[in-house]
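Student: Here is how the chains run, residue by residue.
Number of protein chains: 4
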Amino acid sequence: MIVMKEAATDEEIDAVIEKVQSAGALAHPIKGARLTVIGAIGDVEQDANIETLGLEGQPGVDRVMPILKPYKLASAQIRHGERTVLDIQGRKIGGGHFALIAGPCTVESREQLLETADIVKDAGAAMLRGGAYKPRTSPYAFQGLGQEGLRLLAEAKERTGLPIVTELMDARDLEPVLEVADVIQVGARNMQNFPLLAEIGRSGRPVLLKRGLSATLDELLMAAEYVLKEGNREVMLCERGIKTFEGSYRTTLDLQAVPVLKELSHLPVVVDPSHAAGRRSLVTPMSLAAAAAGADGIIVEVHPNPDEAVCDGPQALLADDFAEYAAAVESVAALAGKALSAV
Amino acid sequence: MIVMKEAATDEEIDAVIEKVQSAGALAHPIKGARLTVIGAIGDVEQDANIETLGLEGQPGVDRVMPILKPYKLASAQIRHGERTVLDIQGRKIGGGHFALIAGPCTVESREQLLETADIVKDAGAAMLRGGAYKPRTSPYAFQGLGQEGLRLLAEAKERTGLPIVTELMDARDLEPVLEVADVIQVGARNMQNFPLLAEIGRSGRPVLLKRGLSATLDELLMAAEYVLKEGNREVMLCERGIKTFEGSYRTTLDLQAVPVLKELSHLPVVVDPSHAAGRRSLVTPMSLAAAAAGADGIIVEVHPNPDEAVCDGPQALLADDFAEYAAAVESVAALAGKALSAV
Amino acid sequence: MIVMKEAATDEEIDAVIEKVQSAGALAHPIKGARLTVIGAIGDVEQDANIETLGLEGQPGVDRVMPILKPYKLASAQIRHGERTVLDIQGRKIGGGHFALIAGPCTVESREQLLETADIVKDAGAAMLRGGAYKPRTSPYAFQGLGQEGLRLLAEAKERTGLPIVTELMDARDLEPVLEVADVIQVGARNMQNFPLLAEIGRSGRPVLLKRGLSATLDELLMAAEYVLKEGNREVMLCERGIKTFEGSYRTTLDLQAVPVLKELSHLPVVVDPSHAAGRRSLVTPMSLAAAAAGADGIIVEVHPNPDEAVCDGPQALLADDFAEYAAAVESVAALAGKALSAV
Amino acid sequence: MIVMKEAATDEEIDAVIEKVQSAGALAHPIKGARLTVIGAIGDVEQDANIETLGLEGQPGVDRVMPILKPYKLASAQIRHGERTVLDIQGRKIGGGHFALIAGPCTVESREQLLETADIVKDAGAAMLRGGAYKPRTSPYAFQGLGQEGLRLLAEAKERTGLPIVTELMDARDLEPVLEVADVIQVGARNMQNFPLLAEIGRSGRPVLLKRGLSATLDELLMAAEYVLKEGNREVMLCERGIKTFEGSYRTTLDLQAVPVLKELSHLPVVVDPSHAAGRRSLVTPMSLAAAAAGADGIIVEVHPNPDEAVCDGPQALLADDFAEYAAAVESVAALAGKALSAV
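Residue numbers (my numbering), protein chains in the order written: chain A, 1 to 343; chain B, 1 to 343; chain C, 1 to 343; chain D, 1 to 343.
To be clear, the hints were calculated from the coordinates, so they are not data collected in a lab. We put the beta carbon where it would ideally sit given N, CA and C, even for glycine. Errors might be hidden in some of the hints.
[Claimed, not checked] Covered by chain C, per the in silico footprint, the following chain B stretches (three or more residues, Cβ under 8 Å):
no. : stretch
1   : 28-41
2   : 188-194
[What the hints assert, rightly or not] Lysine-lysine pairs mimicking DSS-like chemistry, simulated, CA-CA at most 27 Å apart:
no. : chain 1 : residue 1 : chain 2 : residue 2
3   : D       : K5        : B       : K31
4   : C       : K31       : C       : K72
5   : A       : K5        : C       : K229
6   : B       : K5        : D       : K31
7   : C       : K72       : C       : K229
8   : C       : K31       : C       : K69
9   : A       : K69       : C       : K69
10  : A       : K31       : C       : K5
11  : D       : K31       : B       : K31
12  : C       : K72       : A       : K5
13  : C       : K5        : A       : K229
14  : C       : K69       : C       : K5
15  : B       : K72       : D       : K5
16  : B       : K5        : B       : K31
17  : C       : K31       : A       : K69
18  : A       : K69       : A       : K5
19  : B       : K229      : D       : K5
20  : C       : K31       : A       : K5
21  : A       : K69       : C       : K229
22  : C       : K69       : A       : K5
23  : B       : K229      : B       : K5
24  : D       : K31       : D       : K72
25  : C       : K5        : A       : K72
26  : B       : K5        : D       : K72
27  : A       : K31       : C       : K157
28  : C       : K229      : C       : K69
[Said to hold, decoys possible] Stretches of chain C that chain D covers, calculated by requiring three or more beta carbons in the stretch to come under 8 Å of a beta carbon on chain D:
no. : stretch
29  : 111-122
30  : 271-283
Just chain A, with the same shape it has in the complex (with noise of 0.2 Å):
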C-alpha cells in the first residue's frame, strides 16, 4: 500500500504505478479527497520485489505501507490454523502438550550437573537445559566449559534420558554440539545472526530461537523463517523478556507476546522467565503466569546451591524447591488446557 503526499502531481502517481507494475503486481489506486492511495497486489516474492524498488524515494510517495507480513513458513496462515507439536525424543511440545525444560545456567561440574538432572528429571521435567558456550557481555567474565560442558551434558542425557537443550553461539561449533544438542538454542543476541540461523536451519536438529531484546514479534518471526527456510521445520519460540525503561528487573516479560505470537504463527511457544527476570523472587509467579497466559513450555534455571553458581546464581530456582514449583506450574497449565508432557 503505497501512500502518495497530499501534494503529489499526477504525473508523481503515475510514475508508482508503472513502477509496481514493472515488478508484476497490480497496482490499483483509491483517490480520495486529500490524497491517493495506491495498493500494489502480489504476493510475497513479488512484495520483495517491490521492496527493491526504492518506491519511499520517489518523488510524491509519503509512505509504504505493507500489507502482507513478511514471512509466510511462519505463518498461521500455511498450516490453516493447525498448530505445530514438536516430538523431542518421545517428550512433546505445542498443542496439549506443555514441556518443562530445566537445568542450570551453565555447565560447572559433573556434580553440579548431575545433581540437577536428576532432580529435574524427578519432578518432571521433559528437557534438560544447561549451557556449555556462554555468550557474556563482558570478555572477562567465564565463557563457558565448551567442549567439556558438552560431554558433561552428553553423561546427563545417557544417565536421565532427558533430551539435551544448549546453545550454539558460533557455526564454527556447530558439530561437536549436533553430537549432543536435542534442541539448539539460539540466544537472544543472536536472533539476528543470519548466517548462523541459516547453518542450523541446514542442521535439520529441533531449535528453540530466543526473542531478541529489543526485537519486535515480526522480527522473531522472520528469524524463524531464515530456519525455516532451510528445511528445518522444528523450531520453537522463545519469550525472555525485553528492554524497557524499567530498572527493577533485568528485562520486561511480555506475556502478550504468547497468545499473539499463536496467532501469527503455528510454532510452539516457550517462556523463559529465569533470564526475563534475572532474579528468583519472580520465577514462581511468571512461570505460572505463562502458564495461564497459554504457552507451550517454560525454560527455567535451576542451581543445587545457587549461590555458588558461577553465573546468574541469583535467578536460579532452588533444586530443593523444584519439585514444589513444577506442580504449581503444572496445575495452572491444566486449567489452560494443557498437560506436562514426561516420558
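Once you've looked at the hints, dock chains B, C and D against the given chain A.
Tutor: The following block gives chains B, C and D in isolation, referenced to the frame of chain A:
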C-alpha cells in the same frame, strides 16, 4: 552514595563531604584503588536536602546514586510487611481478596450502562467501572457524557448496589465526582498530574492510580505518595501496559510489576488487561496471567454490544461471555490463594 | 484502510463495507490474492466517525490502518507549506528567526532571578524563562515559590524588557499566570492534560508545549491541536528528550524530531537540551546540534551559582559562560540560515 | 556496592562481608539509620570475581550496584584523557580530524560502485563504504554480492586510492574480507556476536563497531573491549540510532551518545545518519547536528540513482548532491574544531 571521578582531587572530595554535612547528614568516605565513594547517611527528609545540594554538578563528582527509595508511606517497610486490605462498601481488595471491577469503557446511555451493570453483578464483579469524563488523544473524539454520565452511574449503583469506579481528569470536577464515585480513578496520562493527586488525597476518597505509559514503578509509587501524604491511605496501584517498540498490541502489559510492586509496597495491585492489549482476544489470557502472577484485582471492560461502542469497543469483552470469563479468573486466582470478593 | 483477515468471508467483507458507508464515507475494496483491503474515503470528521464504528473488533477484520494524520490545524498542509512565525512582544521565532530562551529552572530569590535576567539579556537571549510552579516527582521536594515567584518574574520583565516564559500546571492558577506570562509553558508531564490544554487554548496566550517523555510526534501534534482548536494559533512545539533504556543520561534528546516536526507541521520547533541531558557538559554540544538540525529556538537553563540551585543545578549553564555559549549557538544557527532574534 | 535489605540481620551482613573478602576484595560496611551498605573495594578483575559470587541472590541482599565501569581498555582513564587518533592508510580520524566515509549501502554493480567512488572522492570523502555481505531481516531479500562485491571494492580502491570500509557478518568470511577491507565494519545486529568480535580482534584490522539497536553505551564499550582485549587497539565506535516507540522514523539517532562516549572512552566516535533515519530528507540535518555535537566522522550512504538501488535507496543521498553536502558538513565540523580528513 556519591561517586567521585577517578581524577577527583582531595579538595574536591573534602568539599563534597562538607556539603553533605551541611545538610545534616553523616558523610562516610570509602577510598578505593581507583576512586572514592562517599556515603551520605540520613533519612528521607535529609535525602531531599541532599538532593537540593546540587552535588551532581560539583567539581569532581561523577554521579550521585540514591540508596533509599524516595517514598516512605507507600513502602512495604512502613507496615513491616503487612499488606493493606481496602474495604470499598463491603468489597475487600488486597491480602486474600481478589476484586473484579468491570463495566463499559464509557457511559454511553442508560440502557447500555444498566444492562452491563446487571450482567457483571450477576457474574460476581465486586465493583462497576464506567467513564463519564474521558481523556482522548484527539480533541475531535467523544469526550464522555460528563455530569449526565455521573447521574447514570448513580442510578446503576442504586439499582445494583455495586460501588462505582470512575475517572477524574480535572480537579474542578471533584465535587460532582465525589457524589457518585466510591473509587476515583486516575488515568495513566494523569499519573503525574500532581495538583490533581494532592486534591484527591485531600478528599479522602479511595483511589485507583494507573501507571503512566512510560512510568517506572518508583515513579508510580511516588505518585501514590502524593495521595498518601495528604492523609488518604486508600490507594490501589494499577498496571495497564507500558509503551515499547512492539507494534502488535497497543502497549506491553508488564506483569512482573505485580510481584515487584508487592515487594516494594503494601498497597493492593490491580491489572487492566483491556487498555494494555487494545483487543479482545488478549483480554482473557492476560487476565488469567495477571491472577496467576498474584494480582489483587482486575479492572476490565465489558460491553453488551462492543461493535456499537462509542470508544474502545475492540477491547471490550462481550457481556454474554462475562460469566464464563469471571469463572475462569476465579479458578486461577484460587490457585494463587485468593478468593473473589463479592457481597 | 481496513485490512481483512485472510480467512474473512464475503459476508464479513460486505458488513464492513456497509458500516463504512453508514458513517458517510466511501468504501473502496481491493481484493488481493490472499486478502482484501477496504479503503474508506472521507475527511478528518468522517475518520473520527469511522473510528467510533468499532471496526477493529468486527468479525473478519485484521486491523485498521489510518492513512490521514489525525490533526488538521497543526498540519503543514493547512498553511500550504508556509511556516508560522510567532511574534512575542517583538521577539520573533520561526522561519528565519532563532530565539534563545534562557533563565533559571526555578525562581528562587529576587537576587538570583534579576542577576540571571541581566546576564541572559546582555548575551542576546530573546526571552526569560523561570518556574514559579514546579512539577516534582516527589511530594517532599521544593514545589516552587508560586505567586511570589510570579511577582519576581514580573519585576524581571519590567527591568529587562524580556518577555516571560513560565509553566502552568493547574488550570486553577491560570489567572495569576496570565498576568505575567508572555508564553505559557506546558510541561512534558502535562502534555496530555487535556482540560489544561483546552483552557490555555481559550486564553489565547502563546504556548510552549513540551513533548511528553514517551510521546510520539503524532501525540504531540494532537496535544497542539487541543490548543489550536480553541482558536489559539500561537503554539511552539518543544523537544526535551524521551525515555529510553540508556542510563547514562536522564533522557535521550531526539533531534530527528526537529526536521520531522517541520515536515509535519507549520509550527515553530524549540529544543530543551537542559532537561534532556540533566547535566551541564552535554548542554553546549546538544544546543549546537539542535541549531544545526534546524531548530527555531532553544530553551536553556542558566544559573549564577548552580551549586546552590534549589533544583536541577547540575544541568544549568554557568551564567558567566552564557555569553560565549550564546555566540557559539548563534554561529551554528547562522549556518542553518537563521538569525538570532532579539530587540 | 552491596545494598542490604532494611530487614537484613547482622548474620546476613557478616556473611556478605565474608564472601566479599573471600574474593580478594576489601569489604567496607556503612551502617545507616535504616539499612547497611557494603562497599567492596577491588579492581576490575576482582569485580568480575565479585560478580560470580552470586551476591544478588544472598539472603538479606537487596541489590548490588557496580561502581566501576566494567571496561578497562576502552575507558578514557586508561589513556589519561588523551584521545585515540586512528590513521587508516593516511586518513586520520579522531582528535582534530573528521572523516567522511561515504558510498553505497550495497555493492550492486561495477558501474554503480566506481561512479559513486569517483564522486565521493572528488567531494572530499576520506574512505569508501560498501557492503558485500548484507544482514537482511528477511531471508527472501537480496543478501549482497559476496566475494564478487569484494572484488569490485578492491577495484574501486585501486582506482581511487580510497580505503575501504566493509562489513563482516560471519567469522568464516574473515580471510577474503581481510584482503580488501581497510576497516572491518561490525553491524548493529552483530554488536554482541562475541566470537566474531574476538576473531576480528585477533586479525588486528581497524574496526568500525556499530551500536546495537537497543544497546546501552556501556554495552557498546564492552563490545569494543572484546576487540581491544585481543590486542587490536584500532576501534571506532558508531552511533546509528536506537529503537524507540516513535514510528515516524526507523530509529532514533541518539546524538547525546557522541559527547558521552567521548567522556567515557578515548576511542573515535562516528555517526551513521542514513540507517538511523531511513530517509533522505533527514540525512543532511542530522549530519550537521552530528558534526556540531562533536563527532569524529560520519558514515553516509550515497547512490548515483537511489530509485534504482537494490536496498535502502530511500535513505541514500543523491550522488549529484554529495559535494554540496560535504561542504556543509565541513563548515559545521570546523565550528566544532575539526578539519576534514583527506589526502
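Student: Now tell me, hint by hint, if it's right for this structure.
Tutor: Tested hints:
1. Three residues within the 8 Å Cβ limit are the bar, and the stretch 28-41 of chain B against chain C gives 0, so the coverage statement is violated.
2. Residue count for the stretch 188-194 of chain B with a Cβ under 8 Å from a Cβ of chain C: 5. That meets the three needed, and the coverage hint holds.
3. With a C-alpha separation of about 24 Å, the suggested pair K5/D and K31/B falls inside the 27 Å cut-off, and the hint holds.
4. Pair hint K31/C plus K72/C does not hold up; C-alpha atoms about 31 Å apart against a cutoff of 27 Å.
5. Pair hint K5/A plus K229/C holds up; C-alpha atoms about 24 Å apart against a cutoff of 27 Å.
6. Of the supplied pair hints, the one linking K5/B and K31/D holds, its CA atoms being roughly 24 Å apart against a limit of 27 Å.
7. For the hint pairing K72/C with K229/C, the CA-to-CA distance comes to about 9 Å; that is within 27 Å, so the pair holds.
8. For the suggested pair K31/C and K69/C, the alpha carbons sit about 25 Å apart, so the restraint of at most 27 Å is met.
9. The hinted pair formed by K69/A and K69/C meets the criterion: a straight-line CA distance of about 23 Å does not exceed 27 Å.
10. As the CA atoms of K31/A and K5/C are separated by approximately 24 Å, the hinted pair is consistent with the 27 Å bound.
11. Restraint check for K31/D and K31/B: the C-alpha separation of about 17 Å stays at or below 27 Å, so the hint holds.
12. As the CA atoms of K72/C and K5/A are separated by approximately 15 Å, the hinted pair is consistent with the 27 Å bound.
13. Straight-line distance between C-alpha atoms of K5/C and K229/A comes to about 24 Å, which keeps the hinted pair within the 27 Å bound.
14. Simply put, K69/C and K5/C have alpha-carbon atoms about 24 Å apart, close enough for the 27 Å limit, and the pair holds.
15. The suggested pairing of K72/B with K5/D holds, with an alpha-carbon distance near 15 Å, which does not exceed 27 Å.
16. Pair hint K5/B plus K31/B holds up; C-alpha atoms about 12 Å apart against a cutoff of 27 Å.
17. Between the alpha carbons of K31/C and K69/A the distance comes to roughly 16 Å, so the proposed pair stays at or under 27 Å and holds.
18. This hinted pair checks out: K69/A and K5/A have alpha carbons roughly 24 Å apart, not beyond 27 Å.
19. At roughly 24 Å between alpha-carbon atoms, K229/B and K5/D fall within 27 Å of each other, so this suggested pair holds.
20. For the proposed pair K31/C and K5/A, the alpha carbon gap of about 24 Å is at most 27 Å, so the pair holds.
21. Restraint check for K69/A and K229/C: the C-alpha separation of about 38 Å exceeds 27 Å, so the hint is violated.
22. Taking the CA atoms of K69/C and K5/A, the gap is about 11 Å. The hint holds against a cut of 27 Å.
23. With a C-alpha separation of about 37 Å, the suggested pairing of K229/B with K5/B is violated against the 27 Å cut-off.
24. Between K31/D and K72/D the CA atoms are separated by roughly 31 Å; this puts the pair beyond 27 Å, and the hint is violated.
25. Straight-line distance between C-alpha atoms of K5/C and K72/A comes to about 15 Å, which keeps the hinted pair within the 27 Å bound.
26. Taking the CA atoms of K5/B and K72/D, the gap is near 15 Å; set against the 27 Å cutoff, the hint holds.
27. Taking the CA atoms of K31/A and K157/C, the gap is about 54 Å. The hint is violated against a cut of 27 Å.
28. Proximity of K229/C to K69/C is assessed by CA-CA distance (about 16 Å); at most 27 Å being required, the pair is judged to hold.
29. Residue count for the stretch 111-122 of chain C with a Cβ under 8 Å from a Cβ of chain D: 0. That is fewer than the three needed, and the coverage hint is violated.
30. Counting residues of the stretch 271-283 of chain C whose beta-carbon sits less than 8 Å from any beta-carbon of chain D gives 4, enough to reach three: the coverage restraint holds.
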